[in-house]
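With chain U held as given, fit chain B onto it using these hints.
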Amino acid sequence: MTVRRPASVAVALAAVVALTATACASGDDAAESTPGITADSVTIGSTIPLTGTAAPGYSEQGPAAKAFFDYVNANGGINGRKITLKYLDDAYNPAQTVTLTKQLVLQDKVFAIVGSLGTPTHTKVVDFLNSSRVPDLFVASGCTCWDQPEKNPYTFGWQPDYTVEGKILGDYVKKNLAGKKVAYFYQDDDFGRDGMKGLDKYIDQSLVVTRQPYQPGNTDVAAQVSAIAATKADVVVLEAIPAYTALFKLTSLKLGYSPTLVASSVGADPITVSGLLENFAKQAGSSVKGQDLIEGLVTSAYLPPVDDTSNSWTALFKKIHDQYIPNVPFDGNVYYAMAYAYTFTQALARAGQNPTRQGVIDALKKGGLAGPGLVPFRYGADSHAGYTGGQIATISGGKQVSSGTPLTTDDGDGPVTPYTQPQPQAPANGIPAA
Amino acid sequence: MTALAAAAPVRFWQRSTLVRHLTLSVLGLIVLYFVTTSLDSFANLQFAQICYTAIATAGLTVLSGLSGQISLGHGAFVAVGAYTTALLLEHLDWPLVLVLLGSVVIGGALGSLVGVAAARLRGPYLAGATLALAVGLPSLADYHGLRDLLGGANGLIVTSDPPPLSLGESFPLERWQAWICGLCLVVTLFLLANLTRSRIGRDMRLVREDEQAAALSGVHVARTQIVTFGISAAFAGLAGGLFAIVNSLAAPGAFTLSLSLSLLTAAVLGGLGSLAGAVYGAVIVTLLPNWTADLAQQADLPRAIYANIPLVLYGLVLIVVIIAFPGGIQSGVRKLGALLKARFVRPLQTRQETRR
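Quick mapping for you: the protein sequence lines, in order, are chains U and B. Just so we're aligned, residue 1 is where the first sequence starts under the UniProt record's numbering, counting upward by one. Just so we're aligned, residue 1 is where the second sequence starts under the UniProt record's numbering, counting upward by one.
Since the hints were made in silico from the structure, they are not lab data. This structure is a prediction, so every number in the text was calculated from the model and none was measured. C-beta: ideal position from N, C-alpha, C; glycine also. Keep in mind that a hint or two might mislead.
If you want the ones that stay clear, here's a sample from chain B, every Cβ over 12 Å from chain U, calculated [unchecked claim]:
| # | residue |
| --- | --- |
| 1 | A43 |
| 2 | A129 |
| 3 | R147 |
| 4 | P164 |
| 5 | L173 |
| 6 | G230 |
| 7 | V320 |
Listed next, the stretches of chain U that the computed footprint assigns to chain B, with coverage defined by at least 3 CB atoms under 8 Å from CB atoms of chain B [unchecked claim]:
| # | stretch |
| --- | --- |
| 8 | 88 to 94 |
| 9 | 101 to 107 |
| 10 | 172 to 181 |
| 11 | 187 to 194 |
If we strip away everything but chain B, and leave its shape as in the complex, we get:
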């Protein structure tokens, strides 16, 4: 009897995706609060950087992992988001929420447009097209006619509002930015987690597995791909807006091909298609270069070696993760979870069962 009564909430928890995700989001926000208040300013800055990288990676991982479309050009959507935020803040004095929504909408709109082309392209052709986007779009800032608007190679300086006075006069700016980015990350993960469990999420998986079979079972393949591309780019746009605020700039030099590639790296490292993996991946691609640079500096190596050590270690980590966990870090976490469950939870259950 008691076992049954206990099982009801468990069943409810397992069945109601929305309640589960809402609870986890609230937990996430509580964790966010305690983390940001205990970290110093620079760590808060890194936290904010991890959050916006995770947002862009989460969008990309849904695109590549679930609907099976590859994008080597997500950095371009991040750039679009950053410039949108920069321009909105400079020319229209909108509140931050609206500015960021603007970046989401513009990023998503452009993503849908690209998605229309992407729905017609496969594999290497899609990779090539998105690669061209990553290379070509940021250089638009240097186009003569747009130079006055976008600031050319110098880019735009973004000045966002300081933390609200109600938080106290000496409230650190970095913590405020970490809050904004953390909140956006939680909202992003909540929305994407629900999306992937909705009908469109199922459609995405179907399209990824077999386009013909998906079409035969009534899934509109092209539409699913376009919508996914749009959604993915919208979150890249949000990441771009946050990038602009945290780094106080939107400049073509910040949105190079290597940004696009590091987003893809983060998605692959974390585990393609997994939202938690996007977070792990973002942590690695954000913190690793910083740590390795520090390490190299401390070792007092010759410049030619010193300058390249971060890249070498980056490559090493990539190789190790891919060899150890071909499915990304998240697959390793799952294996570990299953192992722990088999070791501790199952014996407990069997013991309970035998007692009964």
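Chain U on its own, in the form it takes in the complex:
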């Protein structure tokens, strides 16, 4: 038990040497070539929570994106190169994200980071990726922070940011639920606050009766829900992840309170939410039909519904899903990941025969990418923001039913305007042309 031999400290240090030396047997590659690119392959990386509190739903994104790339590879790849995605589990822990992202860049020498998930996690590696000049594409988070072309030239968002979504939902509430009392139930971080920023631009402040925050991780939201129920608000806007949409609904059910629910797309995927509702109810010893509980929930969707197989994109993704990952439910998360995988494939194709990191960035900045989204991207020389809006959809019979036309707006004071261009068709073989 005692520290008798100081020499052992030296032995221990020597052990560190030996172990770390074996851990890094790989030497440096030729300096000129682009990292992650060989004559027949492109290697990219991603960090995703596969375990921990954020894993339900989100953990499907790694396999789904990989399935899309496997499909592309099986059909010849992009310019003869096969795409390899290495996704690592950061368990939604920022310290893990930092180490794993550095591992992907420094050790695995990936070409780009694609679809890394989470605001608190990914904000900690943006500086590293940009100072290392590694493309940091399609961060899976609607934080407005990804759109800073001057400061972070290599970072691009993908989904509509939370403020854009908030404006569209606020506009809906203002027009369709005029004069009703509104309450906010929001995640107490950038997600919730950015969302409210958008809502507040449209919803009359005198009608907002209460704003109740929740901390992710604390599953007891009785206090917040009672406070909202006490105000008898007619409409509750949820800026919440799926688990908290479900928790809000179950808790309000106990109080016999059922307001009209309007929810950010983040927490409104019908399959994920109804599954969670049934799980939570089961844990509490009762049984509910999740689908019935979210009937009438209003959200803003920027991707086509997952059950509309007449849509060419849905048909494509469903086909890939059934072939490569049939054991994963075909829900919004799978759709989402395949859609950003498509966008990456398109950007890579546009970077030409000999893609470089700068080439992919230039292709994105040129704009004009089209994909599974209902609205266009805002990518351009002075914007790294993703989708510019979404379409109001109501959940009916467990499905997302769209109404009206898609809407676009920005995260500033721009108006919410209808977008009337038809959605482009998916390419026949599912692979984007250059």
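Structure of chain B alone, referenced to chain U:
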């Protein structure tokens, strides 16, 4: 005659703890230099992570192994150190040495405060109290009044200075950080090795063995426990400061209960109470998850299995080490050392003696 002349420096070496430790520290620094220059960037990052984990584990191992107090909450002191460094770097433009010293002082001060409570608690009660600390303290960052200061769940981004220009323009940041962490580890081990051989070290052992007997022989039990807790937490604070610099963040998600538990795991794996053991333990808890994740990824397993393999292997290693070396890895190293000595050194000595 010659044998006697040779024996004098040996005796001096054995008696003078300070000289011995100083020499070993210098050797450690030389090794550090050669290792870091031969490793690539990611290995240097891992080296730095091992170093700060070893610093926190060394503090914990002295607390638990020598003074017999258990702490399940050392991750909280690491968090305090990380936030201290983050705030000092963001708001006051102090040099790095002062920033890290700040983390040591704040960590130590908080540790002494907790130590006051800890001196009154025993066994499971102390474990429970420190557990509460590990769970409760990081969530302070989410407290409304402190959110603007501490950044809430998003935490703070830490931007430390790049390597000094005098090292060359393309000097890798990771190697620079490995130097800082390695230097801090050597200093930590030097200080703790001296401490454990000083009077307070003896007091700690006495208190651990028998509090009444220690008190009867004039040892101030509570004071010894408080001081030990403070010292241990101070090094956890230093580890936290280094953590913040290496990972460029201080966020509540990084200082979960599992951090506290993995520090304890490292201490137990290495050998409770042994400083060298702290280093071995830190190597294992830092590298093992990384290796197992790589292994699992290569094996192309289904996600449900893949995601859990690192934990399973972690548990396996823990079980194997505990069964094979109940006293931790360091006890195994000692046994091996004794075995080698009996095999090679003693026969040599006896041969010399017979010749004489």
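Report task. Mind verifying the non-interface call on R147 of chain B? Its CB should be farther than 12 Å from each CB in chain U. Result -> violated, 8 Å
Requested in this report: Classify the label on A129 of chain B as holds or violated, using whether its beta-carbon is more than 12 Å from each beta-carbon of chain U.
Outcome: holds, 22 Å
Query raised in the report: Looking at L173 of chain B again, its CB stays over 12 Å from all of chain U?
Result: Non-interface label fails for L173 of chain B: nearest chain U Cβ at 9 Å, not farther than 12 Å.
**Report entry** Assertion that G230 of chain B lies farther than 12 Å from chain U (Cβ)
**Finding:** Answer for G230 of chain B: holds, closest chain U Cβ roughly 19 Å.
Query raised in the report: Are all C-beta atoms of chain U more than 12 Å from that of V320 of chain B?
Result: holds, 17 Å
Query raised in the report: Can we confirm that no CB of chain U comes within 12 Å of the CB of A43 of chain B?
Result: At roughly 3 Å from the nearest Cβ of chain U, A43 of chain B sits no farther out than 12 Å, so the non-interface label is violated.
Query raised in the report: Count the residues of the stretch 88 to 94 of chain U with a beta-carbon closer than 8 Å to any beta-carbon of chain B: does the count reach three?
Result: It holds, with 5 qualifying residues against the three required.
Query - Outside-interface status for P164 of chain B - nearest CB in chain U farther than 12 Å - result: holds, 17 Å
**Report entry** Proximity test - 8 Å, beta-carbon atoms, the stretch 101 to 107 of chain U to chain B, at least three hits
**Finding:** Holds: 4 residues of the stretch 101 to 107 of chain U have a Cβ under 8 Å from chain B.
Report task. Quick one: see if chain B covers the stretch 187 to 194 of chain U, three-plus residues with Cβ-Cβ under 8 Å. Result -> Since 3 is at least three, the answer is holds.
Requested in this report: Examine the stretch 172 to 181 of chain U: at least three residues should have C-beta closer than 8 Å to a C-beta of chain B.
Outcome: violated (count 0)
Violated hints, in rising order: 1, 3, 5, 10; the structure is consistent with all others.
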